[in-house]
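Visitor: This is what each chain is made of:
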Amino acid sequence: SQKIEQNSEALNIQEGKTATLTCNYTNYSPAYLQWYRQDPGRGPVFLLLIRENEKEKRKERLKVTFDTTLKQSLFHITASQPADSATYLCADLSGAGSYQLTFGKGTKLSVIP
Amino acid sequence: DAGVIQSPRHEVTEMGQEVTLRCKPISGHNSLFWYRQTMMRGLELLIYFNNNVPIDDSGMPEDRFSAKMPNASFSTLKIQPSEPRDSAVYFCASKRDRQETQYFGPGTRLLVL
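So the protein lines, in turn, are chains X and D. Numbered per the numbering used here, the first sequence spans residues 1 to 113. Numbered per the numbering used here, the second sequence spans residues 114 to 226.
Some hints could be false.
[As the list claims (entries may be wrong)] Calculated cross-link-like contacts (lysine to any residue; reagent style SDA-like; alpha-carbon spacing at most 25 Å): (1) X:Lys59 with X:Leu70; (2) X:Lys55 with D:Gln212; (3) X:Lys108 with D:Met152.
[Claimed, not checked] Partial list, computed: chain D residues near chain X (C-beta under 10 Å): (4) Leu158; (5) Ser200; (6) Phe204.
The hints are simulated quantities; they were obtained by calculation from the structure and are not laboratory data. Idealized CB from N, CA, C, for every residue including glycine.
Next comes chain D alone, as it looks inside the complex (with noise of 0.2 Å):
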């Protein structure tokens, strides 16, 4: 079975371009979670979705920060405009309910000049 799967792998953006994360999680899990990894602060939880629900979204820093999941099989995390300070890598990870463990994709990592 394939992992979780993101995509691009690197972007490299200029401060106000919109920015799109892409991912797939693994068939069959219906949770889905977008993090954020920086040295200063770690791994960082920003939005949560179960059953292509937004549960919780008190992690994401601003309203330039937007997430979507049309359907089980994908999601978006947006950022627009972007801005130098939101360089970081960004992972998506799935779950299914009763488990406790989750399944990180390889991550985005976004450098915003």
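Same shape as in the complex, but just chain X (with noise of 0.2 Å):
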């Protein structure tokens, strides 16, 4: 079965520079793979969605790769502030129709002052 996974369990940087957290996928190319924030106390929330045939997506600060060959999405916040403090989770959605989102464990994100 498909496993979704998030190697950093956390990451902190420096205010100004840029974020890069990693998702990598064990099995087949997910159709489409989801980004998703999560703050302490509340549901996660979508960011960005990239799909199959897609090398890159952009939305203001953030950017997410798709590299089939290593099996692996990049999530990108550049320029980050504290406000982008949080835990981000990546999710396969594989299949289009298809239902079942499979969420990796996710990366707390600390952006220090």
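Each of the two chains sits in its own frame; use the hints to bring them together as a complex.
Guide: This is how it looks when you write it as structure tokens:
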């Protein structure tokens, strides 16, 4: 079965730097790979989605890349701010019309002023 | 538009008691999901409803867990009898058909003593 691995449990970076979070999948290439943000005591909030045939997606200071050769997605936050501190979850949604989201355990990002 | 509403936000109960968690999905969303989140296992799908019908309950841990969706605006997740290992945060999420993004509620933090 598919496993989504986010190898870093925690990442600390200095304000203003670019944060890069990694998501690896173990089996088949996800048709859609999603990134969510989760703040303490709250539910995950959708940020970005990248499709299998897309190499890169951007939204404001966020960028997601998808490398099917490496079985990996990278999530970048440029010019990071303390308000970006949260847990970021990667999730696999496979197959058009599919409903099953398989989540990684997340990476807790702390942006230090 | 109000987001997904869950109640209660916190529940503390004793082992053996019945627990009922409630969810109101976003109006117009016809897919509803119940998830459980723990430190050890991350976010796991318990059950998925589409148009009020349970489609996939393979994630429900055991017979002590049951879920219903009597109409498009209400769902319950019941645990009877509850056990300490059920302690977790339970999330409800909803989406429209053909929409890849799921919208999560704030969660119910359950502690079984």
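Visitor: Hint by hint, say whether it matches the structure.
Guide: The hints, checked one at a time:
no.	hint	in the structure
1	X:Lys59 with X:Leu70	holds (23 Å)
2	X:Lys55 with D:Gln212	holds (21 Å)
3	X:Lys108 with D:Met152	holds (12 Å)
4	Leu158	holds (6 Å)
5	Ser200	violated (16 Å)
6	Phe204	holds (5 Å)
The structure shown violates just one earlier hint, number 5.
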